[in-house]
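S.K.: Residue strings, one per chain:
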Amino acid sequence: MGLFDKIKKTFDRLSEGLTKTRDTFVSKLRAVLFAGRKIDAALLAEIEEILITSDVGVSTSEKLIERLKVRVRDEKLEDASVITEILKQEIQALLATSPSAANDATFGIDAANKPHVIMVIGVNGVGKTTTIGKLAHNYKAAGKKVLIGAADTFRAAANEQLEVWASRAGVDIIQQQQGADPAAVAYDTLKAAVSRGVDVVIIDTAGRLHNKQGLMQELEKIGRVMKKIKADVPNDIFLVLDATTGQNALQQAREFTKVAPITGLILTKLDGTAKGGAVLAIADALSMPVRYIGVGEKIDDLQVFSPSTFVEALFEERATVHESAS
Amino acid sequence: MFESLSDKLEEALKRIRGQAKITEENVTEALTEVRRALLDADVNFNVVKKFIDDVKEKSLGIEVKGNLLPGQLMIKLIHDELVALMGTSKADIAQAPQAPTIVMVAGLQGSGKTTFCAKLAFSLKKKGRQPLLVACDIYRPAAIDQLRTLGQSMSLPVFSKDGAKPLEIANEALQYAKKFGRDIVIVDTAGRLTIDEEMMQEVADLKDSLKPHEILFVCDAMTGQDAVNTAKAFDDRLSVTGVVLTKLDGDTRGGAALSIRAVTGKPIKYVGIGEKVDALEPFFPERIASRILGMGDILTLVEKAQQQIDEKDAEKLEEKLRKNQFTFEDFLEQLRMIKKMGSLRDLLGMLPGMDKALRGVQIDEKAFARVEAMVLSMTKEERSQPKLLNGSRRKRIAAGSGTSVQDVNRLIKQFEDMQKMMKNMTKGKMASMFGGQTPQFPTSSRRP
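Keeping their order, the protein sequence lines are chains Y and D.
With the numbering used here applied, the first sequence closes on residue 326, and no number is skipped along the way.
With the numbering used here applied, the second sequence closes on residue 448, and no number is skipped along the way.
Careful: at least some of the hints might be erroneous.
Said to hold, decoys possible - Taking lysine to any residue and the SDA-like style, the derived pairs with C-alpha atoms no more than 20 Å apart in a straight line are:
1) Y:LYS227 to D:ILE195
2) D:LYS50 to Y:GLU49
3) D:LYS50 to Y:LYS298
Unchecked claim - Just a few of them, taken from the derived set where beta-carbon distance is under 10 Å, the chain Y residues facing chain D:
4) THR53
5) SER54
6) ASP55
7) SER81
8) GLY125
9) VAL164
10) LYS191
11) VAL194
12) SER195
13) ALA206
14) GLN252
15) ALA278
16) GLU297
No lab work stands behind these hints, which were simulated from the structure alone.
Predicted, not measured: the structure shown is a model, and the values here were computed from it.
Beta carbons are placed, not taken as given, at the ideal position from N, Cα and C, and that holds for glycine.
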């Protein structure tokens, strides 16, 4: 398969995954934007509604509208149909890009700096364990030797759940009994990884609400303890966000990054009816990039996030909207 | 975590002061703030719209009288409206005329169904019932193990069957319950997306076959605008009898509760407030209304306190507070009482305005132990007369408690602050806060 085919395949699958997002978004826009309509306050209010109902949040929506207004004025725009184009540009400008975006797409790592350690964090029920299964599968498929550390020692049967995913992905797992110190599990995992010459280490952590101080400090400790073996780890800390989550997502990002500096977001459950607009609010306030998206429960339902593809897919049908409307 | 809505409302309604009535002109700005607060709390866009229109209509012509501030009046009106919309508290499970009663639990992935099932079983067990948990989530890896482990921890039976379909499992579980005298069957189902037709059909079939007496829709309290779509889809398909709101121990303002209530009209029966099996509470409309408005959760706190604090002790304390005789001895007693009530941060977070005050503040739960050690290292005289605590005494206390002089200094400073705070609180404010007609807001304490 050529590179082009690969890119196309990724694009198609992302589009597929985003169909729901796009459908609702575009059908709403279709209703809002008919050619020939003038840009007025009512139109902007309708756009604001679309943004807010996608969980973008009031502040970020207002900010986007404000930029739209400025550009409408400066560029002397009159026809409403150009608004999607501008909105698209503004949203894309808002989305942060990760410095390691190139590696994300190929599941590559810095070969000179092994093992590459990924820690996965988030509140309860967002899909951390499932995401880890998918990540492991992808790294394995990219020819990497993967080791998973089961540092969710709290939740009932968390070990068993992760075990199933590890065996599906065909990778090894390090675990201890329920109730063990998660930092010790992470430490053991990294130690084993070094001695076994592992390429990628993925540490699962227990779901925790970000306002629980003790649990947040536990997370900090996991990172701290692993540094005793290798100073620059974890190389990536992924905060997993549920696309159905509303404005609390921003609070989650804010609090988690204090104890475990987040290098990227993974937005899960995008195959449902929720739009995941909260990542825009997070990008706006904290400039955190989205790295991957989860679009299903199967092991290959993880897609690389690319801001341009995301926005493109979001507005893909704009042309048809325009045509059918005129 | 949020700037308090009451602060903003006071600001927006400043101009009304001195005017006799709330009018269309003077209320618009205030309502913009309310709208924003509700949207920030994740209440659905359309629900907010309708709510604001209703409040506006009701607020017009309200007379501003007495020493009430317009902002307080507005908050009270909004709060009351929210409470009314939220319905009444109904934390009961329908009872089958003939045992077993069947409860089915459904919702999206990761909403907390399995944990809720365990909590419900635990609370029913405490009431003397004989619950049977049924593991029908055959899809998520280890979901059955999870329920089994939870069941084991509560010494409750969990019915499961490898390789069987949910329908088969549930029906056999029913037979099991009848045979072994389990009077309530709680059926855990897999998480599913509303657009997954196959899975929605599966749970609909399960419902048709089991004819549950109670069908509970479990929803994550952090859910955003999509809550209405999801709740409606589940309700359309299953005619749910009640809603469970989970993860309310987080700092989400839980606007989803209002959205779900508005689109389904179904009662919210329980709220999940922690990961342990006893972390389940009935739903109280007033509390969630306060929370959505960012007013803290004073009622929950009061209730928790009531559970732990002996009436007589409370009276004694009040007396002391009035006379400003609060000592380290009382402080220690209070600490121990608070420790019984749960996490300090949770408790403080429930106080109006505290959410904001606590933003970014690190609360070290272990500090309790250190504080206790320090107070215990004081002599009786020192505890009752903190003024005695000079430099050399502080040094001795530090050495005795294994802390530093700085720690001791900090404690004494905190104690003095607390004394001041209590002095303020007792100046007629406590009474109205707990039993009065008018809610007290954090802003009022800043007024001269």
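S.K.: All the hints need checking, so say for each whether the structure fits it.
M.R.: The hints, checked one at a time:
1. A threshold of 20 Å between alpha carbons decides the hint, and for LYS227 (chain Y) with ILE195 (chain D) the separation of about 44 Å lies outside it, so the pair is violated.
2. A hinted pair counts as satisfied when its Cα atoms are at most 20 Å apart, and LYS50 (chain D) with GLU49 (chain Y) qualifies at roughly 14 Å.
3. With a CA separation close to 40 Å, the supplied pair LYS50 (chain D) and LYS298 (chain Y) exceeds the 20 Å bound.
4. Taking 10 Å as the C-beta cut-off, the interface hint given for THR53 (chain Y) holds, the closest approach to chain D being about 5 Å.
5. With a cut of 10 Å, the hint placing SER54 (chain Y) at the interface with chain D holds, because the nearest CB-to-CB distance is about 7 Å.
6. At its closest, the beta carbon of ASP55 (chain Y) sits 4 Å from a beta carbon of chain D; the interface hint therefore holds under the 10 Å criterion.
7. Hint status for SER81 (chain Y) relative to chain D: violated, with the closest Cβ pair at about 24 Å, above 10 Å.
8. Restraint check, GLY125 (chain Y) versus chain D: the minimum CB separation of about 3 Å is within 10 Å; hint holds.
9. Look at VAL164 (chain Y): its Cβ gets to within about 3 Å of chain D, closer than 10 Å, so that hint holds up.
10. Annotation: LYS191 (chain Y) was flagged as interfacial toward chain D, and the flag is violated, the nearest CB pair being 26 Å apart, outside 10 Å.
11. Taking 10 Å as the C-beta contact cut-off toward chain D, the hint placing VAL194 (chain Y) at the interface is violated, the least distance being around 28 Å.
12. Against a cut-off of 10 Å between C-beta atoms, the interface hint on SER195 (chain Y) is violated, since the closest Cβ of chain D lies about 28 Å away.
13. For the restraint placing ALA206 (chain Y) at the interface with chain D, the shortest Cβ-Cβ distance is roughly 9 Å, inside the 10 Å limit, so the hint holds.
14. A least Cβ separation of about 8 Å between GLN252 (chain Y) and chain D falls short of the 10 Å threshold, and the interface hint therefore holds.
15. Given the 10 Å rule on beta carbons, the hint for ALA278 (chain Y) holds: about 7 Å separates it from the nearest Cβ of chain D.
16. Of the supplied interface hints, the one on GLU297 (chain Y) holds, with its beta-carbon coming within about 7 Å of a beta-carbon of chain D, less than 10 Å.
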